[in-house]
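One letter stands for each residue in the lines below.
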Amino acid sequence: MRKILFGLCAALILSGCSANWGWYVVNPATPAGLSNLQFLLSGLYYTVLLSFTAIAISIVVGLLIALPGLSSKKSLRSMNRVYVEAVRAVPILVLILWVYYGMPQMTGLAISVFWAGVIALALSDSAFEAEIFRAGIQSINRGQYEAAHSIALSYSDTMRFVILPQAIRRILPALGNQLVYMLKMSSLVSVIGMQELTRKANELVVTEYRPLEIYTILVLEYLVLILIVSAMVRWLERRMQANEYQ
Amino acid sequence: MQASETPPIIKIDQVSKFFGEFQALKDVSLDVRLGEKVVVCGPSGSGKSTLIRCINHLEHHEAGTIVVDGIELDGGRKSLNAIRSKVGMVFQQFNLFPHLTVLDNLMLGPVRARKMSKSDARDLAMHYLGRVHIPEQAEKFPKQLSGGQQQRVAIARSLCMEPRIMLFDEPTSALDPEMINEVLDVMAELAASGMTMICVTHEMGFAKRVADQMVFMDHGEMVEAADPETFFSAPESARCRDFLEKILHH
Chain A
66 MRKILFGLCA
76 ALILSGCSAN
86 WGWYVVNPAT
96 PAGLSNLQFL
106 LSGLYYTVLL
116 SFTAIAISIV
126 VGLLIALPGL
136 SSKKSLRSMN
146 RVYVEAVRAV
156 PILVLILWVY
166 YGMPQMTGLA
176 ISVFWAGVIA
186 LALSDSAFEA
196 EIFRAGIQSI
206 NRGQYEAAHS
216 IALSYSDTMR
226 FVILPQAIRR
236 ILPALGNQLV
246 YMLKMSSLVS
256 VIGMQELTRK
266 ANELVVTEYR
276 PLEIYTILVL
286 EYLVLILIVS
296 AMVRWLERRM
306 QANEYQ
Chain B
238 MQASETPPII
248 KIDQVSKFFG
258 EFQALKDVSL
268 DVRLGEKVVV
278 CGPSGSGKST
288 LIRCINHLEH
298 HEAGTIVVDG
308 IELDGGRKSL
318 NAIRSKVGMV
328 FQQFNLFPHL
338 TVLDNLMLGP
348 VRARKMSKSD
358 ARDLAMHYLG
368 RVHIPEQAEK
378 FPKQLSGGQQ
388 QRVAIARSLC
398 MEPRIMLFDE
408 PTSALDPEMI
418 NEVLDVMAEL
428 AASGMTMICV
438 THEMGFAKRV
448 ADQMVFMDHG
458 EMVEAADPET
468 FFSAPESARC
478 RDFLEKILHH
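Chains as they are written, first to last, in my numbering: chain A, 66 to 311; chain B, 238 to 487.
Check before you lean on any hint, since a few could be wrong.
[What the hints assert, rightly or not] Here are the simulated distance ranges between beta carbons:
| # | chain 1 | residue 1 | chain 2 | residue 2 | range |
| --- | --- | --- | --- | --- | --- |
| 1 | A | L135 | B | N418 | 35 to 45 Å |
| 2 | B | K483 | A | R299 | 51 to 61 Å |
| 3 | B | P414 | A | V289 | 54 to 64 Å |
| 4 | B | T302 | A | S136 | 26 to 36 Å |
| 5 | A | L301 | B | S383 | 28 to 38 Å |
| 6 | B | Q251 | A | L135 | 45 to 55 Å |
| 7 | B | G257 | A | R67 | 50 to 60 Å |
| 8 | B | Q251 | A | I205 | 27 to 37 Å |
| 9 | A | N242 | B | S281 | 49 to 59 Å |
| 10 | B | T302 | A | L135 | 22 to 32 Å |
| 11 | A | L135 | B | S383 | 50 to 60 Å |
| 12 | A | Q203 | B | T302 | 32 to 42 Å |
[What the hints assert, rightly or not] Cut-off 25 Å, straight-line C-alpha distance, at most; resulting in silico cross-link-like pairs (BS3-like, lysine-lysine):
| # | chain 1 | residue 1 | chain 2 | residue 2 |
| --- | --- | --- | --- | --- |
| 13 | B | K315 | A | K138 |
| 14 | B | K355 | B | K323 |
| 15 | B | K445 | B | K248 |
| 16 | B | K248 | A | K139 |
Rather than coming from a laboratory, the hints here were simulated on the basis of the structure.
Backbone N, C-alpha and C define an ideal beta-carbon position, used for all residues, glycine too.
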């Protein structure tokens, strides 16, 4: 990981020395460059806030969608199927446009760019979360349910104290994947004017005419952000593993 | 003991159970009195596990009646909840909760299902861990224990619900030979304390030690039911004789 980063930085610096690059546009040593850089980094707040809010919502919704999918009743299972198949079939960009431009016409309520983004991302991701939860819960041995049954636990207590803690441990890598995916997909919300990383970069490109440097910075911003998040997920995984075996 | 003087705490009458086309139980009837110890044996696939799984409703029987401590198991929620807390069950594969410590495994039922306070539940859990002789393992996780210790934890977990009846589904079949006795000893102590028990097991030494009633099953039928003396010395059916022959002299 460190080697990759190092190599990437070295390549950038080397190529930056050639005449084709104009790093002055984001050179923190000059007042104009510094303010450009600050402008680009200011998008970080919304990218992170949007992604984490959306994933938090999609995990809850995903779990609520997953549970009927595990029922022995066929009607409940088909409700789960319909939701998952329908939501999964809509591209995220289309969903963003529909929620922002379409939904206000239908409901008569105006919606902020931020919440339109959150709703679209959370909705789209919830179908995937539902499938992840279903797989995780199904992977738990039947004996765990029977043991919970034999000590008279209710359905919700069985889920809460016995099944989900074990299932979440198993699906943590997949949940981490979804979080990374969400951070990347949040860039699509720039099309409705959300002031996140990609939007900021686009706006700066329009005024400075230096797409190469500015989009390179954008790439690095996502790269660093996602490497940090990945490290956090791995740390969490290790901690949970340690808990079980000690 | 004069078993016939007390009314049955479990009354199984003409129970049948199907898995699709396959009939796992055929008109099985059995009465178990308070404090009685019943040992059920038979070849694999004979329906003995299915029978005891029907008693705490892990399986649903299609015909006949099962009455446990005055409550008929009719498949309804109410009877189900009432019976589950009266009947404890110990599984072949232990089925401990791997993400919880031994103590938390034991406290979960009392705290969540019996609505006890945490400190009362802890005292109760430590009491029963003492009964199965492993109070020093309270803070460990199941995977850190041997199979025999895990099964004793599972027994203690059931006892923490203070059930009136304990069911054992081949409790020593998944254990290494040297650990079988420590589990059987705990079960024998439990039997001596007066617990009503139904044990599915092939441990005939244990059966001779504790059983009041022996049951032999084959192909979903209850082929023979007798007191242990008659059962071991003069089994009536050829199938039962054949089975005993095989497991007693191997």
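Against the structure, the hints come out as follows:
1. L135/A / N418/B: 35 to 45 Å: Roughly 40 Å apart at Cβ, these two residues keep to the hinted range, so it holds.
2. K483/B / R299/A: 51 to 61 Å: With a Cβ separation near 54 Å, K483/B and R299/A satisfy 51 to 61 Å, so the hint holds.
3. P414/B / V289/A: 54 to 64 Å: holds (58 Å)
4. T302/B / S136/A: 26 to 36 Å: holds (28 Å)
5. L301/A / S383/B: 28 to 38 Å: Taking Cβ atoms as reference, L301/A and S383/B lie about 31 Å apart, which means the hint holds.
6. Q251/B / L135/A: 45 to 55 Å: The hint (45 to 55 Å, Cβ to Cβ) is violated, given that Q251/B and L135/A are roughly 34 Å apart.
7. G257/B / R67/A: 50 to 60 Å: Roughly 58 Å apart at Cβ, these two residues keep to the hinted range, so it holds.
8. Q251/B / I205/A: 27 to 37 Å: Since the Cβ atoms of Q251/B and I205/A sit about 36 Å apart, the hinted range of 27 to 37 Å holds.
9. N242/A / S281/B: 49 to 59 Å: violated (43 Å)
10. T302/B / L135/A: 22 to 32 Å: About 31 Å separates the Cβ atoms of T302/B and L135/A, which means 22 to 32 Å holds.
11. L135/A / S383/B: 50 to 60 Å: violated (34 Å)
12. Q203/A / T302/B: 32 to 42 Å: holds (34 Å)
13. K315/B / K138/A: holds (20 Å)
14. K355/B / K323/B: Roughly 21 Å separates the two Cα atoms, so the pair holds.
15. K445/B / K248/B: holds (24 Å)
16. K248/B / K139/A: violated (34 Å)
In this structure, the hints that do not hold are numbers 6, 9, 11, 16, in rising order.
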